[in-house]
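Student: Residue-level listing of the chains:
There are 2 protein chains.
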Amino acid sequence: MSKLTDVPKRILIGRALRSDRLGETLLSKRIALPVFASDPLSSVAYAPGEVLLVLSIAGASAYAFSPWIAAAVVILMFTVVASYRQNVHAYPSGGGDYEVAQTNLGPRAGLGVASALLVDYVLTVAVSISSGVENLGSAIPFVVEHKTASAVAIIVLLTLMNLRGVKESGRLFAIPTYVFVTGVFALIVWGAFRGLVLGDTMEAPTADLEIQAEHQGLAGFALFFLLLRAFSSGCAALTGVEAISNGVPAFRKPKSRNAATTLALMGGFAVTMFCGIIGLALATDVKMAENPAHDLLRDGAPVGPEYTQEPVISQVAAAVFGDGSFLFVVLAAATALVLFLAANTAYNGFPLLGSILAQDRYLPRQLHTRGDRLAFSNGIVLLAAAAAVLVYLYDAEVTRLIQLYIVGVFVSFTLSQTGMVRHWNRLLSTEGDPAARRRMVRSRAINSFGAFFTGLVLIVVLITKFTHGAWVALLGMAIFYVTMTAIRKHYDRVAEELAAPEGPSEDSVRPARVHSIVLVSKIHRPTLRAVAYAKLMRSDKLEALSINVDPTETKALTEDWERRGLDVPLKILDSPYREITRPVVEYVKSLRRESPRDVISVIIPEYVVGHWYEQLLHNQSALRLKGRLLFTPGVMVTSVPYQLRSSEAAKQRAKKNLEWNAPGSVRRGLVETGAKRPTPPNGKE
Amino acid sequence: MSKLTDVPKRILIGRALRSDRLGETLLSKRIALPVFASDPLSSVAYAPGEVLLVLSIAGASAYAFSPWIAAAVVILMFTVVASYRQNVHAYPSGGGDYEVAQTNLGPRAGLGVASALLVDYVLTVAVSISSGVENLGSAIPFVVEHKTASAVAIIVLLTLMNLRGVKESGRLFAIPTYVFVTGVFALIVWGAFRGLVLGDTMEAPTADLEIQAEHQGLAGFALFFLLLRAFSSGCAALTGVEAISNGVPAFRKPKSRNAATTLALMGGFAVTMFCGIIGLALATDVKMAENPAHDLLRDGAPVGPEYTQEPVISQVAAAVFGDGSFLFVVLAAATALVLFLAANTAYNGFPLLGSILAQDRYLPRQLHTRGDRLAFSNGIVLLAAAAAVLVYLYDAEVTRLIQLYIVGVFVSFTLSQTGMVRHWNRLLSTEGDPAARRRMVRSRAINSFGAFFTGLVLIVVLITKFTHGAWVALLGMAIFYVTMTAIRKHYDRVAEELAAPEGPSEDSVRPARVHSIVLVSKIHRPTLRAVAYAKLMRSDKLEALSINVDPTETKALTEDWERRGLDVPLKILDSPYREITRPVVEYVKSLRRESPRDVISVIIPEYVVGHWYEQLLHNQSALRLKGRLLFTPGVMVTSVPYQLRSSEAAKQRAKKNLEWNAPGSVRRGLVETGAKRPTPPNGKE
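Sequences listed follow chains V and Y, in order.
When the first sequence is numbered by the UniProt record's numbering, its final residue is 685 and no position is left out of the sequence of numbers.
When the second sequence is numbered by the UniProt record's numbering, its final residue is 685 and no position is left out of the sequence of numbers.
No wet-lab data here; the hints were simulated from the structure.
What you were told as hints is all true, and nothing was included just to trick you.
Beta-carbon label-pair distances, calculated as ranges:
1. Y/GLY300 / V/LEU393: 47 to 57 Å
2. V/LEU623 / Y/ALA495: 16 to 26 Å
3. Y/ALA149 / V/LYS651: 47 to 57 Å
4. Y/ARG437 / V/GLU562: 42 to 52 Å
5. V/LYS589 / Y/ARG30: 36 to 46 Å
6. V/VAL568 / Y/ALA495: 19 to 29 Å
7. V/LEU623 / Y/ARG108: 30 to 40 Å
8. V/GLU562 / Y/GLN615: 38 to 48 Å
Every residue, glycine too, gets a C-beta built ideally from N, C-alpha and C.
With these hints in hand, go ahead and build the complete structure from the sequences.
Tutor: As structure tokens, then:
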């Protein structure tokens, strides 16, 4: 592990952890906050702007409604945080929304939540990276001029990092997250001080623009609908709140209490930042429009297609700190970095959820075992490819991607909270202690309100955003749902077919004898080893078998065989068409026909080389023969490997793969043996 | 094999042959001619035009040199045919140029010939299909308007046909080839009759155009060089002549004599057609230019980029038969079809040559066994991809592709003929009989002249075409040469490492005992079967091993195990990180450390499903574990398959694959057991 090439990586993220040191990495609240909250905190980088964007449809005067919308988002945030504090106490295993829905509402609801979360991970990557690119672009124009390419490049970079097995490191998350939070608070405090105490006039770069309302003088239901749409967009600030509820096992003790405290802290930070930025945007006269080229006017004329609309946070920072000032650049960089970290949490969460789903046989079983590098890699590549496609299709435009985003989150919020209500009902039906009952009733009330409110928001989101793109997210969910159902059905069918019959006896007819056949092409070390091993097995009958594809070679083989005095009879099968597989399979079948109760043991000498391209040059007929024999009943197929010197390289690689740590191990916490579900993190981070 | 979908195929090419009926398919001369000669005969569709094209650089007056060039090509053709008649008698095994060079000039020359032939197969596909598209386009303008796309589409079609395992059928080849030959002869005879007897003035569609010479009044060395270039292009008529020498085993007896006769017939046809078309082109005043848009003038002005230059054969046909007449369309269709058949011969020849090279360990060994569908498929896809890339890069322009073409052919001609001279020298050094010696001296003289003349042409081709594109062909040859050398080196190194030491004993320490381990995850039919089989093997120690990834499941397993009274001890290994591979590998290693002379037999129950996507859902950990165990010394790995119902589908598929016939079987001829190289066809068809 201490290769020279690892040095930059180690500097970046600290020494890679072996999994047996995982137990040492329980998180303090100080570190847990940035690990789990980079997603919800980072969303304040785009959520306030999205609210203003939607309002601008009714003209700049509609911005006056933004404090009301902010208030609604704050109430929703408090509701969700309060609800999830109940989850954290009730499900300290870190089961998350999937477990809550699965346990209380049944497998279909659970699968629905899982589908929603999978789609949401994809969108977390797409939205966070697109927004990160926009924020980075406010400091480095080149990036925003090549927005789609930059976003895809960052997806590729994150993918490569995660494929290599980068471990989440608390410290790595902590620094930019705290810089970002401190920066935004400094922005709000300094802005308030300048405005209220010094009486400075702070002007955003867009303060002198005018907004051409798409619908001037909107009123009545139309206005109400627009406000709902703006609210829906503001709800983007809530994405990722549930992450902490999945990460409880990763906290230090008392786990649940620490998690609940962190949740409250996170909610407080998010709400303050969200409101502060909206307030500053109004104070500095920020103008944003859905279609800036056309709807923003400078001196009465549209600004035109060359105009780049800066994110609201960077416009506010320009007004308060000064455009291009040191603090402005630091905040832009921290914002971009936090957004990329938020995307990275999806890279960790996606395979973890996959692992839980695999345990419940909704996904291929190999996703379940930790450290199955190949399976994790497939998940990561799937996630990255889907996100990259979305980024490409939507030109890395946050405003368009956000339309797809919030559906999934609220599907899982609603189902999870509904599940929690059921959970308390179930407990209440058996609980006798009045104090405990009181606590439960209180919790149930909180979760009921949570379920109601998030359900309402879900309906609002669906109504206001369906045609704007939410249907894409729903389609994605449906695809995941159907696929996972099909996989589960397949596993169930196979399990039924495999089920062992009761009684002491095994499969139908008991086998009587073993007839072993060593396949021989020529006499070399692997052959000699295979013959030696086969003799040790003391089967009822042992013979060597060679396929005659070249009479000269076969003659040399038989002579050599006799000369060496190998006391195993050598049988030669003719193969005029130079086939290997067919004569062997037919010979095995004929043996089975003669004595149906015999088991045929086919022993194949193989040699092991180090590189895949070397592998291509060897053992291909053995491989195919093995594949074919597996379909022949009453056969066991034995490989006797002979390790060539070059196989040492492959051995080292395989060892390294074993020592590889799956992304997301940190937030998964310690493995607790003895629990029903030892490490059941899931849900969206 | 008698599915409904096979009906169109069967109508097209006759009932598919099982390989055990291969012996019935020896070819009569009447059928052998079209099978082997579609490539050389079809080249008269483009070779005359290429001669005129090059001459046009010096203006239309230079066309007067074309009879001289035709005469040179005829002499060359007679030389090559006479030379190969010697090959056919001397190497009736059908070894072809590769065998001749390998045997007489050593492995490097052999490999050089092989590389040249491989490149040539690619170019045969690219050139023949491009020319076919041009000829088809003279009847169906749409095709030539989308030339590259049409050519690639036809490559894809041929590839799919060959991947499915279409068998060459003599009759399939016979009809269009004979229609084509008859058509061209009719064209020549009717043209001569009209011109010489009736005194008609026949005018080609381009008769009224003028050629603007790129170099007016070329003389001296420059003119000589141009004539050499024109001659080089005309040599395209010789590609594929050597095919018959590879196909001798496919002829009826007396094989060599029949092959020699067919060779002479083919040479006669080709020469007559080539000269006839050049003569008619001069008589009907055909005008062709390298760069027609610019160099062809109509009424003094260039014809411009919309002008499509028709192939010379279709211009002549238009003049003689009348443009769009029935005979014109028939000839155009037959020409295109013969050209596509010529391309198809490369699809057959490429894997056959690969098989010979694999036998000599220059290519992966699995190419050697006949009917290895996967290996053949890889070869076919490689051929098709390379040809498609060339077609795409060169816009399916025959004129540009032909620059690459002839190098490979003449490399193999020259080396093969040089090898034949050596062959006769060797025989002459031992032969005593004066009559035989006389014959040998005569043959040696023919081959010497052949070697000298083809070598000279090779030098001319290299000089005149190197910068025009021949370097691409040389680069391709170099790549094949280096790759094949590297593969051979790898095989040699491995063979050395594997070589069995002399003496009766096997590898170093003789193993003492077998310790068998049955891996168990849960108790189902495959497990029970594996345990039953393992018991039969009577190893010295037998235990079952389960990895505890989930304590609850493990508890259920141990209880079930005891309840069922399986009299095999069950060992449980803890795996706190839910890994399977590592604990097993480490346990096996620890056993080996305790008793280094023990052999560990790991028995893995597997279940077999029918579809690849089902396979993805199962046995992945078993697969990975097996892969990992192969690198562990002193281990044998046994799979005990359990066939699920759905595996029946895969079994059927596998069976069908076994019955699949590799392309090119017909020209490969009957397998003769007992020969040193039973079926050694190779070389280019």
